[in-house]
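Use these hints to put chain F onto chain U, whose structure you have.
Protein chains: 2
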Amino acid sequence: MAEKITPRSESYSDWYVDIVLNAKLADYSPVKGCMVIRPRGYALWEAIQSNLDKMFKATGHSNAYFPMLIPESFLKKEAEHVEGFSPELAVVTHAGGSELEEPLVLRPTSETIIWSMYKKWIQSYRDLPLLLNQWANVIRWEKRTRMFLRTTEFLWQEGHTAHETSEEAEEETIKMLNVYKEFAEGILAVPVLTGVKSQSEKFAGAINTYAIEAMMQDKKALQAGTSHFLGQNFAKAFDVTFQTREGKLDYVWASSWGVSTRLIGALIMTHSDDKGLVLPPKVAPQDAVLIPIYKAKNKDEVLDYADSIYKILAEKFRIVKDYDDTNSPGWKYSEWEMCGMPVRIEVGPRDMENRKAVLVRRDSGEKIFVEFDKISDTLDEILKDMQVALLEKARAYREENTFEINNYDEFLKFFNEGEGGFAESLWCGSGECEAKIKEATKATIRVLPFDRQENIEGTCVCCNKKAKNLAIFAKSY
Amino acid sequence: MAEKITPRSESYSDWYVDIVLNAKLADYSPVKGCMVIRPRGYALWEAIQSNLDKMFKATGHSNAYFPMLIPESFLKKEAEHVEGFSPELAVVTHAGGSELEEPLVLRPTSETIIWSMYKKWIQSYRDLPLLLNQWANVIRWEKRTRMFLRTTEFLWQEGHTAHETSEEAEEETIKMLNVYKEFAEGILAVPVLTGVKSQSEKFAGAINTYAIEAMMQDKKALQAGTSHFLGQNFAKAFDVTFQTREGKLDYVWASSWGVSTRLIGALIMTHSDDKGLVLPPKVAPQDAVLIPIYKAKNKDEVLDYADSIYKILAEKFRIVKDYDDTNSPGWKYSEWEMCGMPVRIEVGPRDMENRKAVLVRRDSGEKIFVEFDKISDTLDEILKDMQVALLEKARAYREENTFEINNYDEFLKFFNEGEGGFAESLWCGSGECEAKIKEATKATIRVLPFDRQENIEGTCVCCNKKAKNLAIFAKSY
Numbered sequence: 099m100a101e102k103i104t105p106r107s108e109s110y111s112d113w114y115v116d117i118v119l120n121a122k123l124a125d126y127s128p129v130k131g132c133m134v135i136r137p138r139g140y141a142l143w144e145a146i147q148s149n150l151d152k153m154f155k156a157t158g159h160s161n162a163y164f165p166m167l168i169p170e171s172f173l174k175k176e177a178e179h180v181e182g183f184s185p186e187l188a189v190v191t192h193a194g195g196s197e198l199e200e201p202l203v204l205r206p207t208s209e210t211i212i213w214s215m216y217k218k219w220i221q222s223y224r225d226l227p228l229l230l231n232q233w234a235n236v237i238r239w240e241k242r243t244r245m246f247l248r249t250t251e252f253l254w255q256e257g258h259t260a261h262e263t264s265e266e267a268e269e270e271t272i273k274m275l276n277v278y279k280e281f282a283e284g285i286l287a288v289p290v291l292t293g294v295k296s297q298s299e300k301f302a303g304a305i306n307t308y309a310i311e312a313m314m315q316d317k318k319a320l321q322a323g324t325s326h327f328l329g330q331n332f333a334k335a336f337d338v339t340f341q342t343r344e345g346k347l348d349y350v351w352a353s354s355w356g357v358s359t360r361l362i363g364a365l366i367m368t369h370s371d372d373k374g375l376v377l378p379p380k381v382a383p384q385d386a387v388l389i390p391i392y393k394a395k396n397k398d399e400v401l402d403y404a405d406s407i408y409k410i411l412a413e414k415f416r417i418v419k420d421y422d423d424t425n426s427p428g429w430k431y432s433e434w435e436m437c438g439m440p441v442r443i444e445v446g447p448r449d450m451e452n453r454k455a456v457l458v459r460r461d462s463g464e465k466i467f468v469e470f471d472k473i474s475d476t477l478d479e480i481l482k483d484m485q486v487a488l489l490e491k492a493r494a495y496r497e498e499n500t501f502e503i504n505n506y507d508e509f510l511k512f513f514n515e516g517e518g519g520f521a522e523s524l525w526c527g528s529g530e531c532e533a534k535i536k537e538a539t540k541a542t543i544r545v546l547p548f549d550r551q552e553n554i555e556g557t558c559v560c561c562n563k564k565a566k567n568l569a570i571f572a573k574s575y
Numbered sequence: 099m100a101e102k103i104t105p106r107s108e109s110y111s112d113w114y115v116d117i118v119l120n121a122k123l124a125d126y127s128p129v130k131g132c133m134v135i136r137p138r139g140y141a142l143w144e145a146i147q148s149n150l151d152k153m154f155k156a157t158g159h160s161n162a163y164f165p166m167l168i169p170e171s172f173l174k175k176e177a178e179h180v181e182g183f184s185p186e187l188a189v190v191t192h193a194g195g196s197e198l199e200e201p202l203v204l205r206p207t208s209e210t211i212i213w214s215m216y217k218k219w220i221q222s223y224r225d226l227p228l229l230l231n232q233w234a235n236v237i238r239w240e241k242r243t244r245m246f247l248r249t250t251e252f253l254w255q256e257g258h259t260a261h262e263t264s265e266e267a268e269e270e271t272i273k274m275l276n277v278y279k280e281f282a283e284g285i286l287a288v289p290v291l292t293g294v295k296s297q298s299e300k301f302a303g304a305i306n307t308y309a310i311e312a313m314m315q316d317k318k319a320l321q322a323g324t325s326h327f328l329g330q331n332f333a334k335a336f337d338v339t340f341q342t343r344e345g346k347l348d349y350v351w352a353s354s355w356g357v358s359t360r361l362i363g364a365l366i367m368t369h370s371d372d373k374g375l376v377l378p379p380k381v382a383p384q385d386a387v388l389i390p391i392y393k394a395k396n397k398d399e400v401l402d403y404a405d406s407i408y409k410i411l412a413e414k415f416r417i418v419k420d421y422d423d424t425n426s427p428g429w430k431y432s433e434w435e436m437c438g439m440p441v442r443i444e445v446g447p448r449d450m451e452n453r454k455a456v457l458v459r460r461d462s463g464e465k466i467f468v469e470f471d472k473i474s475d476t477l478d479e480i481l482k483d484m485q486v487a488l489l490e491k492a493r494a495y496r497e498e499n500t501f502e503i504n505n506y507d508e509f510l511k512f513f514n515e516g517e518g519g520f521a522e523s524l525w526c527g528s529g530e531c532e533a534k535i536k537e538a539t540k541a542t543i544r545v546l547p548f549d550r551q552e553n554i555e556g557t558c559v560c561c562n563k564k565a566k567n568l569a570i571f572a573k574s575y
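Sequence lines, in order, name chains U and F.
Just so we're aligned, residue 99 is where the first sequence starts under our numbering, counting upward by one.
Just so we're aligned, residue 99 is where the second sequence starts under our numbering, counting upward by one.
Bound conformation, chain U alone:
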């Protein structure tokens, strides 16, 4: 199988598609812009869901489910929201054999339908905070699609919270951004920068959008999750007021936040190589594959020995036995490398004689020869080490490809002639400079990183006026 993958050096985007198709993560569907998520891809989504769901519940959130069909008029109630989403809407005009009185749009996101219900449920400060999340499919009619990264239909979670005060809503916004960071780094081993988006890049209807932003292997940025402080925008659009502790009436304060199947794209483009998928053990559906190597004359003995290893490992790990006679060991190695199995355990006649096994790490390819009694402990160590190593490798890669650039000629050269990466540059805060830079380089402000906004001294990389922020510029997905 491995020969089917285009090397990254040749074409990163072909390589990406080859990985998705050959590792059987997803497939093209007959519906334009929609993909089919195959079992191996869906298993990654299940791992993402179960980990995040626990984190959401531990921070006090409950799951609910709201209709996917939204009256068209609802979208129009928040001016920026409708402007942002109108071009992407899919519209149901007919149902049950007749034309609908009012068209229904397929949710591109659920603020409007949810806030129409919050009006019903929230009367008093005693009803707050209201901390709901929904796992759902959404539809955004995209012109150019790419499996997992941008598809017409995608799966996601969307949190929608309602609060008494602006401070509390902002605190929630940041809290959930940090949950995303913890998850991305701790489980997916994808290092992310956190910060606020510029006004031109924010969610349509938000006061501020915060994001986790990762660097892919081609040095482009990928927005991997967003958390929005919505102020009172949706409360005002849907007239959601509450009686305050002081007995007054005020509009409710809001946040919303989401991550999607796009995270699977981030996972692929952070860790994988020319042999196929590389998965951090915490998100991999299995830990290791056991592959016996034998001839007809010693088949039974080798399989017995392999079974004895399986028996010990299966108590603690998720092990797949690949005893299939119709494929050669070499073919199996390639196939499991393609699928991102974290560790391969080879057991041949000589291993049997020496009561050993060979453990092969997917990330480094390192072969480790281990005594029978130490296989379980060694596997445990490898998995733990691999989880950490993948994160560190990705972080080092990002750091190697992040440059402080405060000269506009250098900046233009970096994005237009060089290999690109993240530029840390000073910015005056104006939309004009941002637009000019985008026009000249296709690079945008990914985030204004939280921890880098103090004591800003210097001038804007573009206009040379006094700088307000340090911004991360990059080309992005």
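Read the hints as simulated data drawn from the structure, not as lab findings.
Treat each hint with caution, since some may be false.
Just so you know, same-sequence chains aren't split out, so a pair can sit in one copy or run between any two.
[Claimed, not checked] Below are the DSS-like pairs computed for lysine-lysine, each with C-alpha atoms no more than 27 Å apart in a straight line:
| hint | residue 1 | residue 2 |
| --- | --- | --- |
| 1 | Lys-130 | Lys-334 |
| 2 | Lys-409 | Lys-152 |
| 3 | Lys-152 | Lys-380 |
| 4 | Lys-217 | Lys-430 |
| 5 | Lys-155 | Lys-380 |
| 6 | Lys-346 | Lys-217 |
| 7 | Lys-491 | Lys-563 |
| 8 | Lys-564 | Lys-409 |
| 9 | Lys-334 | Lys-241 |
Quick look at chain F alone, frame taken from chain U:
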């Protein structure tokens, strides 16, 4: 809160709606026919999902995800299928600001989109069996809707399997029906009959539909899950052939099977009472609520004592502390009864002095006075006993309300004048008699129960010709 519930004796359907709204399981939405599933209702769906998902995986199935938008032409490829679903379709005609070349329907079920992919994935017997399941939302434009039981959008799982032989596909169909029965009875404590549907009641596009069928408290039947043997119908419609072990080409054999959020309706209407929801412990989100009863003078001591109970119980059970000062104990009792909390633990000053507690069972209302050291064991026993007792009670109710009726006058009287229930009656097998009965009584054949089709002797309850089957007739949801 309890006073808001209409008694069942007054109006069973009003009672049902009162339970759904007051226990905050769901709410009406602004979109016609669609409901909002609130956190307490969604928690039940999560319990259903996690239990069933384990059972599906244990029987070799994997999850995947297919697009919710289906080209209209796909539905038309299977003649019965399009006839059955056409009246219920919602259609997207516009997207991304322009009219679509081909309208897209929102999936009412996914056979067509899935079999269009199976054509791509299946070439040989080595690709079979293919055992996929999908957790998804579906849309069926229903004229009359009722929360959980029949809504325009609902959540469900749909299994779609592909096999080499007819026998294997039928075996799968029955296997999954039995999984549903085991789940319904073992987890939901809802006793079900299993059997085959008559041809007039089968799924549009199936050879045979099998169902699990339950009796609600108003003696009506509820179809709680179906499993379809699809023969080669969809393989032929989508031209899905495979190379057999003998080197020939044959069409693939299929099954599909599904249960939905309707199960929550079954749960409510099987166990609940005029005080509110009653939940079997295995599906309840929590096991017990701890309610301290105190006056200002002994508050601290009582709460300390309650805490000492909480500490022990929390190790093993899912316990909610309700220490809220703003509500009286009596109000709390009603509220938690409404929500279906399996056990209430009351702790007052006298209990504290005697180092006891009072455990109150939700199903029977029985109060059990327990020594401190035995609270944990007693709670465990109550929960186990309640799980069994609810199933037995429901089964006894169904048996009490099931009658052998083989005289047509009696049959008409039973459904038109009596209290109704399940009629076990002999049937000649003709669609005419079935239609005549439906016209005269509104009762339909719910299933031909598996274990009752041998040695049929006698005549059809309707036409008096020789009987072929024993059928369960009932009015249904």
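ask   = Given identical chains, is Lys-334 near Lys-241, meaning Cα to Cα at most 27 Å, within a copy, between copies, both, or neither?
value = Neither way: Lys-334 and Lys-241 sit 32 Å apart in one copy and 34 Å across, limit 27 Å.
message = My question is about Lys-130 and Lys-334: at a cut-off of 27 Å on alpha-carbon distance, are they close within one copy, between copies, both, or neither?
response = Close across copies (24 Å), not inside one copy (37 Å); limit 27 Å.
task = Classify it for me, Lys-409 with Lys-152: is the Cα-Cα distance of at most 27 Å met within a copy, between copies, both or neither?
result = Classified as between: cross-chain Cα gap 22 Å, same-chain 31 Å, threshold 27 Å.
ask   = How would you classify Lys-152 and Lys-380 at a CA-CA limit of 27 Å: within, between, both, or neither?
value = both (14 Å within a copy, 20 Å between copies)
query = Between copies, within a copy, both or neither: which fits Lys-217 and Lys-430 at Cα up to 27 Å?
reply = The answer is between: 26 Å across copies meets 27 Å, while 57 Å in one copy does not.
Intra- versus inter-copy proximity for Lys-217 and Lys-346 (alpha-carbon distance at most 27 Å) = Only inside one copy: Lys-346 and Lys-217 sit 17 Å apart there, 63 Å across copies, limit 27 Å.
task = Evaluate Lys-155 and Lys-380 at a C-alpha cut-off of 27 Å and name the case that applies: within, between, both or neither.
result = The answer is both: 19 Å in one copy and 20 Å across copies each meet 27 Å.
ask   = For the identical chains here, do Lys-564 and Lys-409 meet the 27 Å Cα criterion within one copy, between copies, both, or neither?
value = neither (67 Å within a copy, 59 Å between copies)
request  = Since the copies are identical, ignore which copy is meant and state whether Lys-491 and Lys-563 lie within 27 Å (CA to CA) inside a copy, between copies, both or neither.
outcome  = neither (37 Å within a copy, 79 Å between copies)
In terms of the numbered hints stated before, the structure departs from hints 7, 8 and 9, listed from lowest to highest.
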